[in-house]
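*Asks:* Model the full assembly from the supplied sequences, consistent with the hints where possible.
Residue numbers (numbering that gives the first Met the number 0), protein chains in the order written: chain D, 0 to 182; chain F, 0 to 195.
It is worth saying that the hints were derived from the structure and are not from the lab.
These numbers come from a predicted model, not from an experiment.
It is possible that some hints are incorrect.
Listed below are the simulated DSS-like cross-link pairs for lysine-lysine, each with C-alpha atoms no more than 30 Å apart in a straight line [to be verified]:
1. D:Lys128 / F:Lys23
2. F:Lys30 / D:Lys120
3. D:Lys112 / D:Lys128
4. D:Lys127 / D:Lys91
5. F:Lys93 / D:Lys127
6. F:Lys23 / D:Lys72
7. F:Lys90 / F:Lys30
8. D:Lys128 / D:Lys14
9. F:Lys96 / F:Lys137
10. D:Lys72 / F:Lys88
11. F:Lys90 / D:Lys91
12. F:Lys44 / F:Lys30
13. F:Lys96 / F:Lys44
14. F:Lys44 / F:Lys88
15. F:Lys44 / F:Lys93
16. D:Lys127 / D:Lys14
17. F:Lys90 / F:Lys23
18. D:Lys65 / D:Lys120
19. D:Lys112 / D:Lys91
20. F:Lys23 / D:Lys119
21. D:Lys14 / D:Lys65
22. D:Lys65 / D:Lys119
23. F:Lys90 / F:Lys137
24. F:Lys88 / D:Lys14
25. F:Lys93 / F:Lys135
26. D:Lys119 / D:Lys14
27. F:Lys93 / F:Lys137
28. F:Lys88 / F:Lys137
29. D:Lys14 / F:Lys96
30. D:Lys72 / F:Lys93
Over 10 Å on every C-beta distance to chain F, these chain D residues come out as not near it, computed from the model [as the list claims (entries may be wrong)]:
31. Arg2
32. His6
33. Asp18
34. Glu31
35. Arg50
36. Phe70
37. Thr85
38. Arg106
Note that the Cβ used here is the ideal one computed from N, Cα and C, for glycine as well.
What follows is the residue order along each chain.
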Amino acid sequence: MERNQMHRQIANTRKLMFDQGYLDEQFIQLEELQDGSNPNFVEEVVTLYYRDSARFLSNLDQALEKRPLDFSKLDNLMHQFKGSSTSIGAKKVKTECTHFRNYCNARNAEGCKRTFQNVKKEYTTLRKKLEAYFQMSRQVGPVETAYASSVVVCTIRYDTIHSLHLNIIHSNLPLRRCAARSH
Amino acid sequence: MGVISISETPLHVLAVDDSNIDRKLIERLLKTFSYHVTAVDSGIKALEFLGLQDVENFQSFSPSPEVEVNLVITDYCMPGMTGFELLRKIKESKSLKDIPVVIMSSDNIPARINRCLEEGAEEFFLKPVRMSDVDKLKPYLSKNERKTTDEEECVSNDSSGAMDDDDGGGGNDGVEARSDEDEQIEKDQSLLILPP
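*Replies:* Structural data, given as structure tokens:
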């Protein structure tokens, strides 16, 4: 009973990150690259992201202290951070990065400083959610995690189990459709 | 038509990207297709790996007999040497120009894409690169492999049909766990596909 609850909690936590726009399709691409021979791939990539992000954000902080601002350098730094964020599917972070770059192009110092606060805020929020998610996943074991989401929904409709399984891995939307159909 | 000696060595892709995350990603993507991967973080290191000595002056080339690269996939925006400059250096080199090169970029700039394709890049992938992109590399890699046998004539007609059946390591259905046996069977089948 407890184990099922854990599975459900993990699946819901994951679904929420997609529903609330924190993660996008790219995160699912990472999950698809995780298998028996690379059971912790997603967490490894995300951990690498935290490490690189710390460096990028620190460099951006420093660059924003300079007077006058070097917009070209700021844009270049943010381009790299945006790239990493895109690669892990960090949707909201990516959006704020784009806003920042727009202000760089417009040479708007206030805009840059303001949006940089938003970038850091979104990054911190996402990181907290992901850390909680991986911690929960570790408690049920690595291999089962990949299927945690599918297990929960597959029990609803056995006749479409195959397509459900694939849908869950590829997109969060069908989870809602499946729930509607089961009623 | 004689005996074909097919090399058992997997196809070797050289991946170039200054981003740690993107390097890890592309390496994993390529490995799901059973390619052997070498990943470096700069254009200069890529050229050194390919055997180009004295890179700056583009003087001498001394290829290492153990190193054979079947495809180079590189990021466009890199400090120092850009992916475009790396592409150019490869295409200008007598010994390296036949290696297919693919460019990746997070920016969708048509002028940039055209420039790369005109300079000889085979494909241009927008980041983040996905499995469906890596799937497109198959024709460039199999063509290269065939050049090393003397059967190019006979094989060319069959290439499109035969190689399409070869899943090349199971990249399409990444969700399912693949047993070692499955992979061995596919490897064996790929050996059988080429004509006698």
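*Asks:* Does each hint fit the structure? Answer for all of them.
*Replies:* Hint check results:
Restraint check: the Cα-Cα separation between Lys128 of chain D and Lys23 of chain F comes to about 23 Å, which is no more than 30 Å; the hinted pair holds. Our distance criterion of 30 Å between C-alpha atoms is broken by Lys30 of chain F and Lys120 of chain D, whose separation comes to about 35 Å. For a cut-off of 30 Å, the pair hint linking Lys112 of chain D to Lys128 of chain D stands: about 25 Å separates their Cα positions. Distance hint between Lys127 of chain D and Lys91 of chain D is fulfilled; the C-alpha atoms sit about 14 Å from each other, no more than 30 Å.
The straight-line distance between the Cα atoms of Lys93 of chain F and Lys127 of chain D is roughly 52 Å, outside the 30 Å bound, and the hint therefore fails. The suggested pairing of Lys23 of chain F with Lys72 of chain D holds, with an alpha-carbon distance near 26 Å, which does not exceed 30 Å. Using a Cα cut-off of 30 Å, the hinted pair Lys90 of chain F and Lys30 of chain F holds, with the two alpha carbons roughly 26 Å apart. Only pairs whose Cα atoms come within 30 Å are accepted, and Lys128 of chain D paired with Lys14 of chain D is accepted, the gap being roughly 12 Å.
Taking the CA atoms of Lys96 of chain F and Lys137 of chain F, the gap is about 19 Å. The hint holds against a cut of 30 Å. Of the pairs offered as hints, the one joining Lys72 of chain D and Lys88 of chain F holds, with about 27 Å between alpha carbons and a cut-off of 30 Å not exceeded. For the given pair, Lys90 of chain F sits about 40 Å from Lys91 of chain D by alpha-carbon distance, which is inconsistent with the 30 Å threshold. Under the criterion of a C-alpha separation no larger than 30 Å, the hint pairing Lys44 of chain F with Lys30 of chain F is consistent with the structure, at around 21 Å.
Of the pairs offered as hints, the one joining Lys96 of chain F and Lys44 of chain F holds, with about 17 Å between alpha carbons and a cut-off of 30 Å not exceeded. The suggested pairing of Lys44 of chain F with Lys88 of chain F holds, with an alpha-carbon distance near 13 Å, which does not exceed 30 Å. A threshold of 30 Å between alpha carbons decides the hint, and for Lys44 of chain F with Lys93 of chain F the separation of about 19 Å falls inside it, so the pair holds. Of the pairs offered as hints, the one joining Lys127 of chain D and Lys14 of chain D holds, with about 15 Å between alpha carbons and a cut-off of 30 Å not exceeded.
Restraint check for Lys90 of chain F and Lys23 of chain F: the C-alpha separation of about 26 Å stays at or below 30 Å, so the hint holds. Taking the CA atoms of Lys65 of chain D and Lys120 of chain D, the gap is near 22 Å; set against the 30 Å cutoff, the hint holds. A hinted pair counts as satisfied when its Cα atoms are at most 30 Å apart, and Lys112 of chain D with Lys91 of chain D qualifies at roughly 17 Å. A threshold of 30 Å between alpha carbons decides the hint, and for Lys23 of chain F with Lys119 of chain D the separation of about 24 Å falls inside it, so the pair holds.
With a CA separation close to 41 Å, the supplied pair Lys14 of chain D and Lys65 of chain D exceeds the 30 Å bound. Using a Cα cut-off of 30 Å, the hinted pair Lys65 of chain D and Lys119 of chain D holds, with the two alpha carbons roughly 19 Å apart. Distance check on the hinted pair: Lys90 of chain F and Lys137 of chain F sit about 20 Å apart at the alpha-carbon level, within 30 Å; holds. The suggested pairing of Lys88 of chain F with Lys14 of chain D is violated, with an alpha-carbon distance near 46 Å, which exceeds 30 Å.
A hinted pair counts as satisfied when its Cα atoms are at most 30 Å apart, and Lys93 of chain F with Lys135 of chain F qualifies at roughly 26 Å. Taken as a hint, the Lys119 of chain D and Lys14 of chain D pair is honoured in the structure, with Cα atoms around 23 Å apart against an allowance of 30 Å. Distance hint between Lys93 of chain F and Lys137 of chain F is fulfilled; the C-alpha atoms sit about 24 Å from each other, no more than 30 Å. Only pairs whose Cα atoms come within 30 Å are accepted, and Lys88 of chain F paired with Lys137 of chain F is accepted, the gap being roughly 24 Å.
At roughly 47 Å between alpha-carbon atoms, Lys14 of chain D and Lys96 of chain F are farther apart than 30 Å, so this suggested pair is violated. The straight-line distance between the Cα atoms of Lys72 of chain D and Lys93 of chain F is roughly 37 Å, outside the 30 Å bound, and the hint therefore fails. With a closest Cβ-Cβ approach of about 21 Å to chain F, Arg2 of chain D is found to remain outside the 10 Å limit, as its non-interface label requires. Every C-beta of chain F lies more than 10 Å from that of His6 of chain D, the closest at about 17 Å, which supports listing it as non-interface.
The claim that Asp18 of chain D is not at the interface with chain F holds, since no C-beta of that chain comes within 10 Å of its own (minimum 21 Å). Not every Cβ of chain F is farther than 10 Å from the Cβ of Glu31 of chain D; the closest lies at roughly 4 Å, contradicting the non-interface assignment. The non-interface label for Arg50 of chain D is inconsistent with chain F: the shortest C-beta to C-beta separation is roughly 8 Å, within 10 Å. Phe70 of chain D, annotated as away from the interface, keeps every beta carbon of chain F farther than 10 Å; the closest lies near 17 Å.
The beta carbon of Thr85 of chain D is not kept farther than 10 Å from every beta carbon of chain F, the shortest such distance being approximately 6 Å. Distance check for Arg106 of chain D against chain F: the nearest CB is about 20 Å away, which clears 10 Å, and the non-interface claim stands.
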